[in-house]
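Undergrad: Spelled out, the chains give:
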Amino acid sequence: MTTKPVERVDTVTVRFAGDSGDGMQLAGTRFTSVTTALGNDVATLPDFPAEIRAPAGSLPGVSGFQLHFADHDILTPGDSPDVLVAMNPAALKTNLGDLERGATLVLNTDAFTPQNLRKARYESDPREDGTLDGFKVHEVSITTLTIGALEGYAELGKKEKQRAKNMFALGLMSWMFSRPTEPTREWLREKFGEQPRVAEANIAAFDAGWAYGETTEAFDHAYEVAAAELPPGTYRQITGNLAISYGLVAASQQAGLPLFLGGYPITPASDVLHELSKHKNFGVRTFQGEDEIASVGAALGAAFSGHLAATVTSGPGVALKTETIGLAVAVELPLLVLNIQRGGPSTGLPTKTEQADLLQALHGRNGESPVPVIAASTPGDCFDVAIEGARMALTYRTPVFVLSDGYLANGAEPWRVPDVAALPDLRGAVRFAVAAGANGENAEHGFAPFDRDPDTLARPWAIPGTPGLEHRIGGLEKADGSGDISYDPDNHHRMTELRQAKVDRIAGDIPAAEVDRADPGARVLVVGWGSSYGPIAAAVRACRAEGLAVDQLHLRHLNPFPPNLGEVLRRYERVLVPEMNMGQLRSLLRARFLVDARGYNRVAGLPFGTGELRDAIADEVAAAEGRGEPERSLS
Amino acid sequence: MPQVGDGASNGDARELTKKDVTSDQEVRWCPGCGDYAILANVQSVLPKLGVPRENFVFVSGIGCAARFPYYVETYGFHSIHGRAPAIATGISTARPELSVFVVTGDGDALSIGGNHLLHAMRRNVDLTVLMFNNQIYGLTKGQYSPTSEVGKVTKSTPVGSLDHPYNPVSLALGAEATFVARSVDNERQHLADLIERAAQHRGTSFIEIYQNCNIFNDGAFDGVRGNKPNQIRLEHGTPIRFGAEGEHGVAMGANGELEVVDVAEVGEEALLVHDAHRDDPGLAFMLSRLAHTPHGPTPIGLFRQTERPVYGDEVAAQLDDAVARKGPGDLQALLRGRDTWTV
Ligand SMILES: Cc1ncc(C[n+]2csc(CCOP(=O)(O)OP(=O)(O)O)c2C)c(N)n1
Ligand code: SF4
Numbered sequence: 000m001t002t003k004p005v006e007r008v009d010t011v012t013v014r015f016a017g018d019s020g021d022g023m024q025l026a027g028t029r030f031t032s033v034t035t036a037l038g039n040d041v042a043t044l045p046d047f048p049a050e051i052r053a054p055a056g057s058l059p060g061v062s063g064f065q066l067h068f069a070d071h072d073i074l075t076p077g078d079s080p081d082v083l084v085a086m087n088p089a090a091l092k093t094n095l096g097d098l099e100r101g102a103t104l105v106l107n108t109d110a111f112t113p114q115n116l117r118k119a120r121y122e123s124d125p126r127e128d129g130t131l132d133g134f135k136v137h138e139v140s141i142t143t144l145t146i147g148a149l150e151g152y153a154e155l156g157k158k159e160k161q162r163a164k165n166m167f168a169l170g171l172m173s174w175m176f177s178r179p180t181e182p183t184r185e186w187l188r189e190k191f192g193e194q195p196r197v198a199e200a201n202i203a204a205f206d207a208g209w210a211y212g213e214t215t216e217a218f219d220h221a222y223e224v225a226a227a228e229l230p231p232g233t234y235r236q237i238t239g240n241l242a243i244s245y246g247l248v249a250a251s252q253q254a255g256l257p258l259f260l261g262g263y264p265i266t267p268a269s270d271v272l273h274e275l276s277k278h279k280n281f282g283v284r285t286f287q288g289e290d291e292i293a294s295v296g297a298a299l300g301a302a303f304s305g306h307l308a309a310t311v312t313s314g315p316g317v318a319l320k321t322e323t324i325g326l327a328v329a330v331e332l333p334l335l336v337l338n339i340q341r342g343g344p345s346t347g348l349p350t351k352t353e354q355a356d357l358l359q360a361l362h363g364r365n366g367e368s369p370v371p372v373i374a375a376s377t378p379g380d381c382f383d384v385a386i387e388g389a390r391m392a393l394t395y396r397t398p399v400f401v402l403s404d405g406y407l408a409n410g411a412e413p414w415r416v417p418d419v420a421a422l423p424d425l426r427g428a429v430r431f432a433v434a435a436g437a438n439g440e441n442a443e444h445g446f447a448p449f450d451r452d453p454d455t456l457a458r459p460w461a462i463p464g465t466p467g468l469e470h471r472i473g474g475l476e477k478a479d480g481s482g483d484i485s486y487d488p489d490n491h492h493r494m495t496e497l498r499q500a501k502v503d504r505i506a507g508d509i510p511a512a513e514v515d516r517a518d519p520g521a522r523v524l525v526v527g528w529g530s531s532y533g534p535i536a537a538a539v540r541a542c543r544a545e546g547l548a549v550d551q552l553h554l555r556h557l558n559p560f561p562p563n564l565g566e567v568l569r570r571y572e573r574v575l576v577p578e579m580n581m582g583q584l585r586s587l588l589r590a591r592f593l594v595d596a597r598g599y600n601r602v603a604g605l606p607f608g609t610g611e612l613r614d615a616i617a618d619e620v621a622a623a624e625g626r627g628e629p630e631r632s633l634s
Numbered sequence: 000m001p002q003v004g005d006g007a008s009n010g011d012a013r014e015l016t017k018k019d020v021t022s023d024q025e026v027r028w029c030p031g032c033g034d035y036a037i038l039a040n041v042q043s044v045l046p047k048l049g050v051p052r053e054n055f056v057f058v059s060g061i062g063c064a065a066r067f068p069y070y071v072e073t074y075g076f077h078s079i080h081g082r083a084p085a086i087a088t089g090i091s092t093a094r095p096e097l098s099v100f101v102v103t104g105d106g107d108a109l110s111i112g113g114n115h116l117l118h119a120m121r122r123n124v125d126l127t128v129l130m131f132n133n134q135i136y137g138l139t140k141g142q143y144s145p146t147s148e149v150g151k152v153t154k155s156t157p158v159g160s161l162d163h164p165y166n167p168v169s170l171a172l173g174a175e176a177t178f179v180a181r182s183v184d185n186e187r188q189h190l191a192d193l194i195e196r197a198a199q200h201r202g203t204s205f206i207e208i209y210q211n212c213n214i215f216n217d218g219a220f221d222g223v224r225g226n227k228p229n230q231i232r233l234e235h236g237t238p239i240r241f242g243a244e245g246e247h248g249v250a251m252g253a254n255g256e257l258e259v260v261d262v263a264e265v266g267e268e269a270l271l272v273h274d275a276h277r278d279d280p281g282l283a284f285m286l287s288r289l290a291h292t293p294h295g296p297t298p299i300g301l302f303r304q305t306e307r308p309v310y311g312d313e314v315a316a317q318l319d320d321a322v323a324r325k326g327p328g329d330l331q332a333l334l335r336g337r338d339t340w341t342v
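Chains as they are written, first to last, in numbering that gives the first Met the number 0: chain A, 0 to 634; chain B, 0 to 342.
FYI, nobody ran anything at the bench for these hints, they're computed from the structure. As the structure is a computational prediction, the values presented were derived from the model and not from experiment. Cβ atoms here follow ideal geometry from the backbone N, Cα and C, with glycine treated the same way. Do not rely on the hints blindly, as some may be mistaken.
[As the list claims (entries may be wrong)] Restraint ranges, calculated between C-beta atoms of paired labels, are given here: (1) 426/A x 277/B: 45 to 53 Å; (2) 342/B x 7/A: 14 to 22 Å; (3) 342/B x 544/A: 22 to 30 Å; (4) 244/B x 476/A: 52 to 60 Å; (5) 486/A x 150/B: 32 to 40 Å; (6) 201/B x 513/A: 53 to 61 Å.
[Said to hold, decoys possible] No farther apart than 30 Å at their CA atoms in a straight line, the calculated lysine-lysine pairs in the DSS-like style are these: (7) 158/A x 92/A; (8) 277/A x 325/B; (9) 158/A x 190/A; (10) 118/A x 160/A; (11) 157/A x 118/A; (12) 190/A x 325/B.
[Claimed, not checked] A few chain B positions that, by computed beta-carbon distances, are all more than 12 Å from chain A: (13) 14; (14) 150; (15) 158; (16) 232; (17) 237; (18) 251; (19) 276; (20) 278; (21) 288; (22) 295; (23) 307.
Please take these sequences and the hints and turn them into a complete structure.
TA: Structure representation (structure tokens):
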């Protein structure tokens with residue numbers, strides 16, 4: 000406990016920034032853990048370069064981790080950090096523009112050498128040339144102090160000692176924001192269990208950082224953020240990729256089917272493959288194929304064989320899987336396709352976020368090839384979306400696209416641990432055919448693999464090993480019912496309609512679109528999907544706080560849309576669709592419902608800021624009130 | 000841990016006949032196509048394998064050959080061009096108890112699907128791969144394939160193909176497939192024997208089957224059909240001899256390369272005795288190099304059969320081991336994790 004005065008604040012945004020070798024992600028993640036454990040609401044934004052190690056000290060090598068925590072529920076990782084910890088000049092340079100004057104800077108002065116300043120393309124030292132005027136600057140010799148704290152560790156080299164400077168920074172921040180220290184010490188002991196001396200050294204660096212805050216006069220008080228009032232329950236911290244992995248395991252258990260995941264490493268999807276590989280005792284088979292095509296192919300083979308099958312990838316991987324997903328449409332087997340979207344086109348921005356694969360998911364196949372599409376809105380929501388995707392795939396025997404993105408994948412938030420007993424029971428969705436006629440179809444002509452369940456239009460799932468149901472499936476068009484190859488024109492038309500009707504029918508089996516209404520008189524509706532949920536909701540909140548009347552709708556089901564969507568949209572004078580793409584959902588809404596939806600579109604590799612969306616919404620409200628059209632080139 | 004396949008049979012089915020494994024679909028290959036003979040052969044072998052009909056799965060890619068699954072009354076999956084080994088890997092890994100066949104053409108297996116085939120063989124997935132090699136693309140009407148000889152004139156190579164061809168058996172041995180063989184579409188007994196042994200082999204079995212495409216590449220294998228002097232029949236444990244009177248043989252030359260020799264000159268003791276069960280695929284590889292195209296002395300038969308852990312078994316063993324070590328998964332404990340707090 001600090002002996003200095005403590006100031007209560009309700010919300011803080013901290014960003015750790017340093018070289019990609021400086022361990023900023025680790026420090027940030029750890030800070031997040033103690034912060035969630037304190038009961039604050041938290042949202043995080045890790046932001047790291049695609050290169051594993053760009054040249055040390057260079058601008059492209061900067062890695063950052065931002066977290067926003069508060070005593071109330073929050074929706075975004077924050078627009079503008081209150082505190083920036085910059086481990087070198089490059090970290091200062093790339094991040095300073097995001098800060099407002101008055102923010103606190105903690106600079107590792109040891110790294111402000113002429114060489115590093117040059118690497119960061121500073122012509123003069125920003126600490127001296129007025130660049131930092133108006134900021135609260137703390138110059139701390141983080142590297143020297145860390146090495147000093149580790150004097151007693153003769154067996155550690157200088158480099159190894161330096162490496163602990165992220166723990167010093169973490170210690171300092173833990174002091175500044177009154178985070179408990181023992182859990183971090185414990186965590187370090189466990190992390191370096193095999194090397195107790197390394198654990199101790201890291202703890203020493205961490206403690207030194209804390210003590211520095213406590214003793215130096217530069218910091219005259221610490222801060223405290225009270226616990227948030229979240230709904231009662233047991234909470235943990237979760238990232239989107241972890242949540243999606245757990246969602247798949249849960250779906251497998253709830254369906255009573257073993258899980259088969261086909262993957263091929265790709266950022267930011269690889270962690271799902273890594274995570275699921277750990278859970279073999281849940282009967283989870285993970286297969287790292289030779290490429291994306293093999294991975295989805297193996298998953299489809301597993302689906303044919305009666306497993307809950309999934310494949311996980313990012314946009315370029317989806318491009319490769321396209322032909323196989325089309326085959327899954329044709330053979331009508333359950334298959335989850337998880338796309339953790341990233342910036343594109345092509346390789347694009349591997350470590351940055353974007354939501355620009357919606358149309359790829361909907362239309363990125365040859366022929367009329369309808370596939371249900373759903374999207375997660377928060378890291379924790381990835382869990383529910385995975386289960387919902389499995390439910391749809393199993394019930395309707397269809398591939399299903401589940402969209403997440405880099406921001407959700409790596410971003411963390413507190414997550415109320417679900418009660419397993421309350422999870423959806425998916426066993427009813429699994430009906431392996433055991434005899435001809437088992438699908439409700441007529442059994443007279445023997446087993447007909449393309450007869451359909453009258454309710455769901457799903458065809459029977461007859462898995463190898465079942466006597467009497469031997470049958471052949473494939474990509475060639477099949478005769479309605481018998482499944483024999485058919486080139487009959489009318490049959491192809493009918494099958495095309497049936498495949499579409501099967502997907503359309505899902506609309507009757509999903510919740511209606513529910514608008515978040517604050518004011519019955521709102522004339523503006525903001526419609527979003529996917530990870531922009533947080534920034535949109537925060538911006539809507541900000542507008543409402545200013546007295547603007549605006550309603551919000553966030554879509555989970557993107558194909559089919561909720562049944563009442565058209566009616567909802569038509570209730571509003573103006574519909575604004577913010578998207579981290581050039582207007583993919585907007586064009587769907589315009590085409591489908593003939594509404595004059597406007598867009599707010601920014602494709603920057605980063606989540607929206609609340610401020611920019613607030614302005615866009617306010618403009619829309621002004622326009623609805625006849626105060627002029629907003630100037631937006633993209634709408 | 001959830002299990003699938005409660006319906007899977009455990010082998011107590013009645014005796015099958017060829018009729019039982021013949022589907023009601025009309026076979027639509029060109030009259031005279033070698034595929035017919037192979038189909039009839041497979042249909043005659045399946046009942047001998049002691050596998051209940053419902054445990055057979057035939058997976059194929061795209062091509063004339065790939066129509067095969069429609070004609071056998073088993074489970075079947077006619078998939079997409081080149082990808083059958085990948086899909087079959089999923090089936091075999093999910094359900095190691097199934098007897099999974101891949102039927103593929105030379106274009107399907109070695110061109111678009113080359114990568115998947117290599118990886119299935121290297122993993123030793125329990126599959127029986129029947130590769131119908133007609134050295135041409137049949138279904139797309141006569142373009143050269145990765146096994147066509149240099150200079151081949153086809154629709155896409157009007158002045159002759161420049162591509163160096165693969166030798167499929169060399170390729171399979173290079174990928175360390177554990178069962179590698181070659182046969183000819185109309186060598187009834189020879190082919191039947193190999194298919195039976197391939198199906199019984201655990202791991203990836205690869206059989207290259209020379210198949211006549213009488214429409215686009217007629218007679219490509221006439222030089223090695225039916226005990227022609229060029230055909231070398233490999234028999235495990237016997238000296239490698241061939242020729243109308245068995246007058247030729249294969250011996251290890253002084254320079255470390257295999258040599259075709261006159262038996263009368265060198266004596267039978269000098270001949271190489273074929274050992275299909277050597278763990279090192281080197282010698283089998285050398286045998287496969289004797290003929291690059293079926294115009295010189297061409298070995299058919301079993302090149303190699305060895306034991307190596309089977310992919311699907313190993314995957315299943317890892318799951319069992321995890322359960323033995325940690326107990327069956329507890330979903331609530333997983334979701335809860337270790338660092339929780341209560342509000
Ligand atoms: C992605 C894709 N590319 C191309 C084709 C066209 N195609 C169908 S079969 C084939 C070649 C088949 O040749 P092979 O495997 O030798 O089989 P065969 O017809 O000779 O039995 C090609 C190129 C396709 N169906 N899909
Ligand atoms: S084109 Fe050739 S391979 Fe194809 S069916 Fe006809 S004869 Fe057989």
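Undergrad: Now, for every hint given, state plainly whether the structure supports it.
TA: These are the hints, each one checked on the structure:
Taking 45 to 53 Å as the suggested C-beta distance range, the pair residue 426/A and residue 277/B conforms, at roughly 51 Å. For the pair residue 342/B and residue 7/A, the beta carbons lie near 19 Å from each other, so the given range of 14 to 22 Å is met. Roughly 25 Å separates the CB atoms of residue 342/B and residue 544/A, a value that falls within the hinted 22 to 30 Å. Judged by the Cβ atoms, the range 52 to 60 Å given for residue 244/B and residue 476/A holds: they are separated by roughly 55 Å.
Our hint of 32 to 40 Å for residue 486/A and residue 150/B holds, since their Cβ atoms are close to 37 Å apart. Checked against the given bound of 53 to 61 Å, the beta carbons of residue 201/B and residue 513/A, roughly 55 Å apart, stay inside it. Distance restraint check for residue 158/A and residue 92/A: the Cα-Cα separation of roughly 25 Å lies within the 30 Å cut-off, and the hinted pair is therefore satisfied. This hinted pair checks out: residue 277/A and residue 325/B have alpha carbons roughly 11 Å apart, not beyond 30 Å.
For the suggested pair residue 158/A and residue 190/A, the alpha carbons sit about 19 Å apart, so the restraint of at most 30 Å is met. Restraint check for residue 118/A and residue 160/A: the C-alpha separation of about 23 Å stays at or below 30 Å, so the hint holds. Between residue 157/A and residue 118/A the CA atoms are separated by roughly 23 Å; this keeps the pair inside 30 Å, and the hint holds. The straight-line distance between the Cα atoms of residue 190/A and residue 325/B is roughly 21 Å, inside the 30 Å bound, and the hint therefore holds.
For residue 14/B, the condition that its CB be more than 12 Å from all CB atoms of chain A holds, with the nearest at approximately 14 Å. Distance check on residue 150/B: its Cβ is at least 32 Å (rounded) from any Cβ of chain A, clearing the 12 Å threshold; non-interface status holds. At roughly 32 Å, the least C-beta separation between residue 158/B and chain A is larger than 12 Å, which holds for a residue marked as non-interface. For residue 232/B, the non-interface assignment is confirmed: its Cβ lies about 35 Å from the closest Cβ of chain A, beyond the 12 Å cut-off.
Every C-beta of chain A lies more than 12 Å from that of residue 237/B, the closest at about 38 Å, which supports listing it as non-interface. Even its closest Cβ contact with chain A, about 36 Å, leaves residue 251/B beyond 12 Å, as expected for a residue assigned away from the interface. For residue 276/B, the non-interface assignment is confirmed: its Cβ lies about 28 Å from the closest Cβ of chain A, beyond the 12 Å cut-off. With a least CB separation of 25 Å from chain A, residue 278/B remains clear of the 12 Å interface cut-off, as annotated.
Once the 12 Å rule is applied to beta carbons, residue 288/B is consistent with being away from chain A; the minimum gap is 26 Å. Distance to chain A confirms residue 295/B as a non-interface residue, since its nearest Cβ pair spans about 33 Å, more than 12 Å. For residue 307/B, the shortest C-beta to C-beta distance to chain A comes to about 18 Å, beyond the 12 Å cut-off, and the non-interface label holds.
Going through the hint list in order, the structure satisfies each hint without exception.
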